[in-house]
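2 protein chains.
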Amino acid sequence: MSEFLELLPVEDAQLIFKNSLKVKVKEEEILTQNAVGRITTDSIAAPHPLPSFTRSSVDGYALKASDAFGASDALPAYLKLIGEISMGVKPDFSLTLAQCCLIHTGGMLPAGADAVIMLENTQISRPGEIEVYRAVAFGENVIQEGEDVKTSEIVVQEGTRLRPAEIGGLIALGIVRVKVACKPRVAVISSGDEIVSPESKIHSGKIRDTNSYSLSALVEEAGGIAVRYGIVPDDFDVLYQVASQAIAECDLVVITAGSSASARDFTSQVINKLGQPGVLVHGVNIKPGKPTILGICQGKAVVGLPGNPVSALIIARQFLVPVVNLLIGLREDYFQPFIYARLTLNLSSQAGREDWIPVYVEERKSELIAEPVFGKSNLIFTLARSNGLICIPADTTGFNAGEIVKVYTF
Amino acid sequence: MSEFLELLPVEDAQLIFKNSLKVKVKEEEILTQNAVGRITTDSIAAPHPLPSFTRSSVDGYALKASDAFGASDALPAYLKLIGEISMGVKPDFSLTLAQCCLIHTGGMLPAGADAVIMLENTQISRPGEIEVYRAVAFGENVIQEGEDVKTSEIVVQEGTRLRPAEIGGLIALGIVRVKVACKPRVAVISSGDEIVSPESKIHSGKIRDTNSYSLSALVEEAGGIAVRYGIVPDDFDVLYQVASQAIAECDLVVITAGSSASARDFTSQVINKLGQPGVLVHGVNIKPGKPTILGICQGKAVVGLPGNPVSALIIARQFLVPVVNLLIGLREDYFQPFIYARLTLNLSSQAGREDWIPVYVEERKSELIAEPVFGKSNLIFTLARSNGLICIPADTTGFNAGEIVKVYTF
Numbered sequence: 050m051s052e053f054l055e056l057l058p059v060e061d062a063q064l065i066f067k068n069s070l071k072v073k074v075k076e077e078e079i080l081t082q083n084a085v086g087r088i089t090t091d092s093i094a095a096p097h098p099l100p101s102f103t104r105s106s107v108d109g110y111a112l113k114a115s116d117a118f119g120a121s122d123a124l125p126a127y128l129k130l131i132g133e134i135s136m137g138v139k140p141d142f143s144l145t146l147a148q149c150c151l152i153h154t155g156g157m158l159p160a161g162a163d164a165v166i167m168l169e170n171t172q173i174s175r176p177g178e179i180e181v182y183r184a185v186a187f188g189e190n191v192i193q194e195g196e197d198v199k200t201s202e203i204v205v206q207e208g209t210r211l212r213p214a215e216i217g218g219l220i221a222l223g224i225v226r227v228k229v230a231c232k233p234r235v236a237v238i239s240s241g242d243e244i245v246s247p248e249s250k251i252h253s254g255k256i257r258d259t260n261s262y263s264l265s266a267l268v269e270e271a272g273g274i275a276v277r278y279g280i281v282p283d284d285f286d287v288l289y290q291v292a293s294q295a296i297a298e299c300d301l302v303v304i305t306a307g308s309s310a311s312a313r314d315f316t317s318q319v320i321n322k323l324g325q326p327g328v329l330v331h332g333v334n335i336k337p338g339k340p341t342i343l344g345i346c347q348g349k350a351v352v353g354l355p356g357n358p359v360s361a362l363i364i365a366r367q368f369l370v371p372v373v374n375l376l377i378g379l380r381e382d383y384f385q386p387f388i389y390a391r392l393t394l395n396l397s398s399q400a401g402r403e404d405w406i407p408v409y410v411e412e413r414k415s416e417l418i419a420e421p422v423f424g425k426s427n428l429i430f431t432l433a434r435s436n437g438l439i440c441i442p443a444d445t446t447g448f449n450a451g452e453i454v455k456v457y458t459f
Numbered sequence: 050m051s052e053f054l055e056l057l058p059v060e061d062a063q064l065i066f067k068n069s070l071k072v073k074v075k076e077e078e079i080l081t082q083n084a085v086g087r088i089t090t091d092s093i094a095a096p097h098p099l100p101s102f103t104r105s106s107v108d109g110y111a112l113k114a115s116d117a118f119g120a121s122d123a124l125p126a127y128l129k130l131i132g133e134i135s136m137g138v139k140p141d142f143s144l145t146l147a148q149c150c151l152i153h154t155g156g157m158l159p160a161g162a163d164a165v166i167m168l169e170n171t172q173i174s175r176p177g178e179i180e181v182y183r184a185v186a187f188g189e190n191v192i193q194e195g196e197d198v199k200t201s202e203i204v205v206q207e208g209t210r211l212r213p214a215e216i217g218g219l220i221a222l223g224i225v226r227v228k229v230a231c232k233p234r235v236a237v238i239s240s241g242d243e244i245v246s247p248e249s250k251i252h253s254g255k256i257r258d259t260n261s262y263s264l265s266a267l268v269e270e271a272g273g274i275a276v277r278y279g280i281v282p283d284d285f286d287v288l289y290q291v292a293s294q295a296i297a298e299c300d301l302v303v304i305t306a307g308s309s310a311s312a313r314d315f316t317s318q319v320i321n322k323l324g325q326p327g328v329l330v331h332g333v334n335i336k337p338g339k340p341t342i343l344g345i346c347q348g349k350a351v352v353g354l355p356g357n358p359v360s361a362l363i364i365a366r367q368f369l370v371p372v373v374n375l376l377i378g379l380r381e382d383y384f385q386p387f388i389y390a391r392l393t394l395n396l397s398s399q400a401g402r403e404d405w406i407p408v409y410v411e412e413r414k415s416e417l418i419a420e421p422v423f424g425k426s427n428l429i430f431t432l433a434r435s436n437g438l439i440c441i442p443a444d445t446t447g448f449n450a451g452e453i454v455k456v457y458t459f
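Chain order of the listed sequences is A and B.
The opening position of the first sequence corresponds to residue 50 in this note's numbering, with each subsequent residue numbered one higher.
The opening position of the second sequence corresponds to residue 50 in this note's numbering, with each subsequent residue numbered one higher.
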């Protein structure tokens, strides 16, 4: 068998792969209202200040703060009430000495006003006059023009995943279209003589094509479009033909190899034939996922994953999802979802090898607890009982019960 | 002004609302391959065991463990090699005493075999015979039929959000269609004389309709379908007409009120006219979000949110998203995304009131740090600079710098 002559450390494998991969992010312009979850390809600057006018943050009276200087219950200030600011309208009057006007939350301050006194600190003393029982500071209960954002300020950086707050903010600025990265097309190929379609009755020796569907789901969760190329038998020519079509039509190709060693070898041979430089990494010192293949052909990444459904899913998070992230233009410092939790059991691992262990995290007594979910690595429903993964790095031989460990949640 | 005669504590408000709301989850049957992120409405049982046959987890030789009892480098066991198991095929032979056969990862064990010895612990001594240098235990390197799942075992509970692992597991069992909750239709109505459409040029006194879009994005993130009913002026009759249509067509209605107190009153009057019991809660002791209105009309929830875009988004996570979660059939014990992090600053709050503070969480020196993001509550891009919220409960008056606090991430 030609495989695994050398198992590369995970970091080396990732570095070789990343340094060789020149990803070109494709962009499209879409409606901002449809852009939640998408990644910006340009930084976006504010076309005008936000708020675009100075406004009240409470219901009250707009006034000049100096006119209520020293006001108290014992010694109220008296102001002339000269009108009311209608919502959505620019006031057509301005305040002069000892004048005020009724204003609602969000109303525009008239010229001459620099603060708002809340209703509850006032009383109408007689028609056209109010008593003010409290002093107000300059700018109190007022949101200044440009207080959130100044004109030309960058409001959304390139490579930002748009959340509801960004969508709202862009709309507030009248930015109704945004440039975002296209969703990359990810080809998913499942190979192996033992693999049959999901609709097939189960026969001894055969297993249904789990990987095409679990990996497609993972790709879609990550923001890609999964394109399934069906099930390919352990046949070099057929696999090469399907992979050639896939690489022509998609931005990234993932092949889950048949389980046998010869089937796994087909995958690396096919990747080498698809284009230069071909296979860069064949075999990684990681568990599960040792037979992982990383290649680049025609400028596109081709990832060969183990046929074992659980290994494929776990390892795809290490080597496939990062490529999807690059293709959708995520910034490298993107905050990956992880938590810290207390481990319930000792976990040992082989020195030199990186181990990934499924865990179930839950809160007990205001603390997050990570309980390892054991089971042989082929058991998909055992994996489904977990909600996170912990990594035992290659330079340690395990963790002790009670240690705080980092858990990547899913 | 009729509002805020009584501010209810958050827990009371949630309880009153929840106890009055009888949610009917609608279900639909869809292809499993399209079901990632959807919530099951039935528990799903395994139609057959998984794996459906006893198989090898390594490349090696299938044998009877007792035939290699005590084998070592010094004293190997000698076994007759009688064939090879092809992938995907049920063996048409069985092993008898001191026999073995070549088997690949995933291959089906022949009758008479109960373990697999890895290739690297063997050597071909002469054609048709291997030497075994190591003893194997009964069942070693073998995955037993049903080891993951037994027939009739519940593999996915009702109310489970389907992730890639569940999708793969269901496909492995040949379950190609699943019953999931329909995506609820959520009506989003924005009201206020000061509100203009996103495409409008900005005029003094007017603001663009941020809430319809940020709340729609939040609803879609939560798994609902947002249906926008446009911008309604501060006019009772128009608001009632639009809300009537919305409640007839959707499963849940959210209205963001105009900012003025009279506009906020329209919302509660409209909810009362829409049907019994109408408004259940008007005013909650929470910051931001005091003017929140919770109502039920025609058996459907109607939520009135503050017009302030930041308050609306923060408070929607407390009162709107939970209703969406009920409508999509999530189990109540669903694990909400939160983390624990160390607070960088003192935060004080008014006793009796629940405060929500945006924070930015990042990792520093293997620890999660939560830095409060300050800014007046109307500033949408200030909110966008945060990635989590912390809650100061009503029964405390704040947190100290250095305390570990719970952060709800987004």
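These aren't lab readings, by the way, just hints derived from the structure by calculation.
Model, not experiment: these values are computed from the prediction.
One should not assume that every hint holds.
Derived SDA-like pairs (lysine to any residue); straight-line CA-CA distance at most 25 Å [to be verified]:
no., chain 1, residue 1, chain 2, residue 2
1, B, Lys414, A, Glu202
2, B, Lys336, A, Ser415
3, A, Lys139, B, Val225
4, A, Lys228, B, Arg212
5, A, Lys414, B, Leu64
6, A, Lys139, B, Ser246
7, A, Lys232, B, Ile79
8, B, Lys414, A, Gly447
9, A, Lys67, B, Glu412
10, A, Lys232, B, Lys414
11, A, Lys250, B, Glu194
12, B, Lys255, A, Glu202
13, A, Lys199, B, Leu64
14, A, Lys139, B, Lys228
15, A, Lys455, B, Tyr409
16, B, Lys228, A, Pro247
17, B, Lys414, A, Glu270
18, B, Lys232, A, Glu270
19, A, Lys228, B, Ala400
20, B, Lys199, A, Lys199
21, A, Lys455, B, Leu130
22, A, Lys336, B, Ser106
23, B, Lys199, A, Tyr409
24, B, Lys250, A, Ala160
25, A, Lys455, B, Gly327
26, A, Lys232, B, Asn83
27, A, Lys255, B, Glu412
28, A, Lys414, B, Arg391
Short derived list, chain A residues pointing at chain B, Cβ under 10 Å [stated by the list, open to error]:
no., residue
29, Ala84
30, Ser121
31, Pro125
32, Ile256
33, Ser293
34, Ala297
35, Glu298
Derived CB-CB ranges, DEER-like [stated by the list, open to error]:
no., chain 1, residue 1, chain 2, residue 2, range
36, A, Glu298, B, Pro386, 55 to 61 Å
37, A, Pro58, B, Gly86, 30 to 36 Å
38, B, Phe459, A, Glu180, 43 to 49 Å
Where a beta carbon is used, it is the ideal one built from N, C-alpha and C, also for glycine.
Are any of the numbered hints broken by this structure? If so, which, sorted upward? Of the numbered hints given earlier, those the structure breaks are 1, 3, 4, 10, 13, 14, 17, 19, 20, 21, 25, 27, 30, 31, 33, 34, 35, 36, listed in rising order.
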